[in-house]
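Asks: Here is what each chain is made of, one letter per residue.
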Amino acid sequence: MIKKWFTPNKEIPKKIYNSVGFITFLVVLGIWSLLSYSGFVNALFLPTPTTVLATAVKLFVSGDILFDIGISFSRVFTGFLVAALIGIPLGILMGSLRIMEGAFEPIIGFIRYMPASAFIPLLILWIGLGEAEKMSVIFLGTFFQLTLMVMDVTKNVQNDLIDVSYTLGAKNAQIFTKVILPASLPGIVDTLRITFGWAWTYLVVAEIVGASSGLGHMIMQASRFLQPDKIIVGILIIGLLGLITDIMFKSIYRASFSWMRKDGY
Amino acid sequence: MVSQKLDILTESSDLKKQGNAIPKITTPKLEIKDVGKIFKTKSGETVALEKTSFTVEDGEFVTILGPSGCGKSTILRIVAGLEESTSGQVLLDGQEINGPGPDRGMVFQSYTLFPWLNVKDNITFGLKLKGVPQKERDDLARYYLQLIGLTGFEKHYPIQLSGGMKQRVAIARALANDPKILIMDEPFGALDAQTRTIMQEVLLKAWEESKKTILFITHDVDESIFLADSVYVMTARPGRLKKKIPITLERPREYSMKSTVEFGNYKEELLSLIREESLKSIH
Ligand SMILES: Nc1ncnc2c1ncn2[C@@H]1O[C@H](COP(=O)(O)OP(=O)(O)O)[C@@H](O)[C@H]1O
Ligand SMILES: [Mg+2]
Numbered sequence: 001m002i003k004k005w006f007t008p009n010k011e012i013p014k015k016i017y018n019s020v021g022f023i024t025f026l027v028v029l030g031i032w033s034l035l036s037y038s039g040f041v042n043a044l045f046l047p048t049p050t051t052v053l054a055t056a057v058k059l060f061v062s063g064d065i066l067f068d069i070g071i072s073f074s075r076v077f078t079g080f081l082v083a084a085l086i087g088i089p090l091g092i093l094m095g096s097l098r099i100m101e102g103a104f105e106p107i108i109g110f111i112r113y114m115p116a117s118a119f120i121p122l123l124i125l126w127i128g129l130g131e132a133e134k135m136s137v138i139f140l141g142t143f144f145q146l147t148l149m150v151m152d153v154t155k156n157v158q159n160d161l162i163d164v165s166y167t168l169g170a171k172n173a174q175i176f177t178k179v180i181l182p183a184s185l186p187g188i189v190d191t192l193r194i195t196f197g198w199a200w201t202y203l204v205v206a207e208i209v210g211a212s213s214g215l216g217h218m219i220m221q222a223s224r225f226l227q228p229d230k231i232i233v234g235i236l237i238i239g240l241l242g243l244i245t246d247i248m249f250k251s252i253y254r255a256s257f258s259w260m261r262k263d264g265y
Numbered sequence: 001m002v003s004q005k006l007d008i009l010t011e012s013s014d015l016k017k018q019g020n021a022i023p024k025i026t027t028p029k030l031e032i033k034d035v036g037k038i039f040k041t042k043s044g045e046t047v048a049l050e051k052t053s054f055t056v057e058d059g060e061f062v063t064i065l066g067p068s069g070c071g072k073s074t075i076l077r078i079v080a081g082l083e084e085s086t087s088g089q090v091l092l093d094g095q096e097i098n099g100p101g102p103d104r105g106m107v108f109q110s111y112t113l114f115p116w117l118n119v120k121d122n123i124t125f126g127l128k129l130k131g132v133p134q135k136e137r138d139d140l141a142r143y144y145l146q147l148i149g150l151t152g153f154e155k156h157y158p159i160q161l162s163g164g165m166k167q168r169v170a171i172a173r174a175l176a177n178d179p180k181i182l183i184m185d186e187p188f189g190a191l192d193a194q195t196r197t198i199m200q201e202v203l204l205k206a207w208e209e210s211k212k213t214i215l216f217i218t219h220d221v222d223e224s225i226f227l228a229d230s231v232y233v234m235t236a237r238p239g240r241l242k243k244k245i246p247i248t249l250e251r252p253r254e255y256s257m258k259s260t261v262e263f264g265n266y267k268e269e270l271l272s273l274i275r276e277e278s279l280k281s282i283h
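From first to last, the protein sequence lines are chains E and R. So for the first sequence, our numbering puts the first residue at 1; every next one is plus one. So for the second sequence, our numbering puts the first residue at 1; every next one is plus one.
It is possible that part of the hints are untrue.
Keeping only pairs whose Cα atoms sit at most 30 Å apart, straight-line, the calculated DSSO-like set for lysine-lysine is [what the hints assert, rightly or not]: (1) R:Lys40 with R:Lys243; (2) E:Lys178 with R:Lys130; (3) E:Lys178 with R:Lys243; (4) E:Lys155 with R:Lys40; (5) E:Lys155 with R:Lys244.
For the record, the hints were derived by calculation from the structure and aren't laboratory data.
Generate coordinates for the entire structure from the input sequences, incorporating the hints supplied.
Replies: The following block contains the structure:
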């Protein structure tokens, strides 16, 4: 029985699969508890789980944090939306028209290695400290990668599928709308899910400099006033928000692409 | 259009296939004139096809038999307009072809159904592009589903179908578009032997009912004889037409014909032709 669970590539019962994931969480929580409750690590650096929970409740009850969550979410969402609105069509064109790939792949491939955070001083010079600057950081952090990933997805559309469409009477424009787009849609949705996750990680970077609101700002303030419990609450919330959006994308994927599954559900 | 097809369907199996019986004086359906193809690659030039000429008559079922790599796919892709020839021209009904179009339906060896469309929407894909009204599309879909023996599968998605079923739908999709010629590039090449023979019968039935002109590529000798009015044998690369062999087995063809002496004679002749070529390509 046990031996089966350690055979490469072998399926295991779903119950076991879920349980071990839960156990890992408990182990992390256990180590944290051990280090904090025992006083082994100073509470100034690592607060106890109960303190963090109490702080979280307090922050939610007072409502302050809801405002920060709202503003952070709108920054992430808007920056990402603009990146997706430009990146998806551009990526599709780059993946299907060699001339577009030739024109944009080199420059995008170059810029994507420049850290988005390093653009912050420049962005502040150009557009100041407002919302546009925060969203621009998110945009810069996701746009280039997203575009290249969509390009790859589009390139992987089977050539024969496109050829057969021509023999069925499709014109170039219809090849895009009726073949390349639906064929790459699952890959695009998956790309959005992954890059939206990255967008959250750029949030703190965007809000560390010159922000007066948002989760990143809250975390920076907490650091200044030595409130590690607040920092941890902030981090956990960002993680949870990322997880929720990830689950949302996954359910959109499941609901939209039932044709990819044999059982059709 | 539909009613006409449905009439044919109910007309009984008395199918008066003319093919090789009556000599044609009109222009051929398809005329390949001195078509050659050279691929330019990093390592130099590959002559995939030497200047090749042949014709396919209206309603004829022509198979092209040749060793692998001899340029069979290349010639089909040129006819389909998916590849440009380096020399020569392709005439369809006397008109030079220029790029791909719905007048030349194609079935590939790889599975090319649109995975996001169900069987019915796959079959009517080309009709929708043409702007055929819904009602007529539905009727045609029903007719072709019946023709390929997949009635009841219209709502299935390609992932739920076996390889043979997928190719049946691909045939139906190409036929539903009512092309002037159906070109098929080893469509049963990926199927197991049992499914393959069943598919050959399905295809013959569809051909007899639709009276389409078919240009069919294969490297399977039995298949090339069983299906064809004429078999064209190609030489090893650089490909060229080696010989045309008319097949006068009676129609409709039955599976049992594969074990007749007549069939065996064709097979022997073709095998020796192919063997010469395969040996050449090794040396
Ligand atoms: N796009 C291409 N670029 C370069 N060489 C090619 C290309 N397509 C086919 N060839 C070459 O042309 C020859 C004929 O290929 P093909 O028509 O696919 O043969 P077959 O279908 O008879 O197996 C082969 O040697 C193949 O390598
Ligand atoms: Mg081939």
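Asks: For the pair supplied as a hint, Lys40 (chain R) and Lys243 (chain R), is the alpha-carbon distance within the 30 Å limit?
Replies: It holds: about 28 Å lies between the C-alpha atoms, which stays within 30 Å.
Asks: Going straight from one Cα to the other, do Lys155 (chain E) and Lys244 (chain R) come out at no more than 30 Å?
Replies: Given pair Lys155 (chain E), Lys244 (chain R) is violated - Cα atoms ~41 Å apart, limit 30 Å.
Asks: Are Lys178 (chain E) and Lys130 (chain R) close enough, with their CA atoms no more than 30 Å apart?
Replies: 13 Å, holds
Asks: Would you check the hint for Lys155 (chain E) and Lys40 (chain R), treating anything up to 30 Å between C-alpha atoms as holding?
Replies: 22 Å, holds
Asks: For the pair we were handed, Lys178 (chain E) and Lys243 (chain R), check the Cα-Cα distance against 30 Å.
Replies: With a Cα-Cα distance of about 42 Å, the restraint between Lys178 (chain E) and Lys243 (chain R) is violated, given a limit of 30 Å.
The earlier numbered hints that this structure contradicts are 3 and 5.
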